[in-house]
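Next come the chains, spelled out residue by residue.
Protein chains: 2
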Amino acid sequence: MNTSIKTISILGAGNVGTFFAGSLYNLGYAIHSVYSRNYDDAFLLAKRVGARAARNVKELDNNSDLYIIAIKDDSISELVKNLQVKNGLVVHTSGSIEMDVLDSISNRIGVLYPLQTFSKGMDLKTKGFPICIETKQPEDYTLLKELSERLAGVGQAYPIDSKQRKALHLGAVFVCNFTNYLYSIAEDLMKINELPLELLHPLIIETVNKSTINLPSLNQTGPAKRNDIKVMKQHLELLNSNTGYKEIYKVISEAIINKYNK
Amino acid sequence: MNTSIKTISILGAGNVGTFFAGSLYNLGYAIHSVYSRNYDDAFLLAKRVGARAARNVKELDNNSDLYIIAIKDDSISELVKNLQVKNGLVVHTSGSIEMDVLDSISNRIGVLYPLQTFSKGMDLKTKGFPICIETKQPEDYTLLKELSERLAGVGQAYPIDSKQRKALHLGAVFVCNFTNYLYSIAEDLMKINELPLELLHPLIIETVNKSTINLPSLNQTGPAKRNDIKVMKQHLELLNSNTGYKEIYKVISEAIINKYNK
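Those protein sequence lines, which keep their order, are chains H and E.
Read in my numbering, the first sequence has 147 at position 147, and its numbers run on one by one without any break.
Read in my numbering, the second sequence has 37 at position 37, and its numbers run on one by one without any break.
There's no promise every hint is true.
Heads up, the list lumps identical chains together, so a pair's fine if it works in one copy or across two of them.
To be verified - Dumping the calculated DMTMM-like pairs for lysine to aspartate or glutamate here, alpha-carbon to alpha-carbon at most 25 Å:
#  : residue 1 : residue 2
1  : Lys233    : Asp74
2  : Lys86     : Glu254
3  : Lys233    : Glu98
4  : Lys81     : Glu194
5  : Lys6      : Glu146
6  : Lys259    : Asp100
7  : Lys191    : Glu139
8  : Lys47     : Asp100
9  : Lys233    : Glu149
10 : Lys259    : Asp74
11 : Lys47     : Glu194
12 : Lys125    : Glu98
Bear in mind the hints are in silico, worked out from the structure with no lab data behind them.
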């Protein structure tokens, strides 16, 4: 068993893989090799972090201390078939895949799920987000906790099992992916009406501020909360040209009405 | 015509009325009288801003320079029937009601729509949000612009007509009321799974940061964006006990799939 993680290989060169590779490299970890389905992506990322790009999974260094799998959920089980490691710890970073998808590799497996949204241009020094950890061996939990706290800050490593992780991931979809889609609807409405999206920024920011101070369920405002039928009818008419937006407006408004006006 | 606004009466003691009364009072405006459907609310707010509480609309001071109507949209037209003013400017603060609902009062009417979400405990010094202004008389625009810039900051007063204002209000519903409801779904999911909601805060905040830097339509991530059917199916199963949440998950995911995978 290793006493700490020093060398790392990264599988995946998307937003998450890029973040892990870049920030761990900056923290002084040696990045051995980088694999991506797209070799060019692997090559560019590897170059940035002083690593070797692998053309396929079998070409990865087989003596890294840690392998971080940050690829599309659907592809993990396929990739695992070809992964050969000597004694390293292998983790995936998915919110919704069970740890045991990695069972065939070895006894040293785990999950390192960062509860954050990453983009390629992101500041690699970003801290202050939780990392959810699950491991088969208790000793490996300690290793991942040390690494996670260096990466995200002290107190940011959480022991989260597969069931809880799935609930967190579902929550993340609501507060990140879905809210972002609502923002993009507003983006579209502003464009159609020749208004700058920036007009809505203070409102967007204050809504979030309020939601981190109070419980969101106590913060609800708006026409649906007041069951203001006239305004909702007017809004639906404004959305007449887009069935998709109209459907979203209806379904969320109905849920709010049911919650607050029963 | 007044050369500037010095005295104000407030109609409505909810979140918006409370904000206007409190922050205008702090800025040195004299608040004459406060009316609310609920007299106790009017009494308490009036006390805070050195004003007189009115038991009904007819009891309001009739010689204020400005009357700010911040009541439920549905009630504005009814309230207007009883409002008597000498020479003051009368504005409502609604995002979705036409200015001309005030036509019967006088020639000096307008709209003062703050594009922000207010709560009663809010910091009254909060600035940096747009105030959308519409007036019948061009001179009154100048008066409201001066007041708005003292209230929300220089450059925060925007001439916005009724049609644009409705689009802004609809956008506001999506980015504020609906996102807040999504947060409250996550709040519920965390509670059910005995996880602290705070775990999601860094994600919520980063999602907003990204949306103010890039266009939201370029930031979209998540299972629906990747058309990851397995994960979406798993999520829908997790939501089996709540038809409302399930419906929202489906409708938004379908919209994202349609947008990014066609």
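When Cα atoms must be at most 25 Å apart, do Lys6 and Glu146 count as within-copy, between-copy, both, or neither? The answer is within: 11 Å in one copy meets 25 Å, while 62 Å across copies does not.
Homo-oligomer pair classification [Glu254, Lys86; C-alpha up to 25 Å]: neither (55 Å within a copy, 43 Å between copies)
Could you figure out if Lys259 and Asp74 sit no more than 25 Å apart (CA to CA) within one copy, between two copies, both or neither? between (36 Å within a copy, 21 Å between copies)
Measure nothing new, just compare the shortest in-copy and cross-copy C-alpha distances for Lys81 and Glu194 to 25 Å and report within, between, both or neither. neither (53 Å within a copy, 35 Å between copies)
Under a CA distance limit of 25 Å, which applies to Lys233 and Glu149: within one copy, between copies, both, or neither? neither (50 Å within a copy, 33 Å between copies)
Please sort Lys47 with Asp100 into within, between, both or neither, judging by C-alpha distance up to 25 Å. neither (32 Å within a copy, 64 Å between copies)
From the Cα coordinates, with 25 Å as the cut-off, is the pair Lys259 and Asp100 best called within, between, both, or neither? neither (39 Å within a copy, 34 Å between copies)
Lys125 and Glu98: within-copy, between-copy, both or neither at 25 Å Cα: neither (29 Å within a copy, 49 Å between copies)
Between the shortest in-copy and the shortest cross-copy C-alpha distance, which are at most 25 Å for Lys233 and Asp74: within, between, both, or neither? Answer is between: at 13 Å across copies they meet the 25 Å cutoff, but 42 Å inside does not.
If the cut is 25 Å between Cα atoms, do Lys191 and Glu139 qualify within a copy, between copies, both or neither? Cα proximity of Lys191 and Glu139: none, with 54 Å in one copy and 30 Å across.
Homo-oligomer pair classification [Glu194, Lys47; C-alpha up to 25 Å]: neither (43 Å within a copy, 43 Å between copies)
When Cα atoms must be at most 25 Å apart, do Lys233 and Glu98 count as within-copy, between-copy, both, or neither? Between copies only: 15 Å across chains, 45 Å inside a chain, cut-off 25 Å.
Checked against the numbered hints listed earlier, the structure breaks hints 2, 4, 6, 7, 8, 9, 11, 12; every other hint is satisfied.
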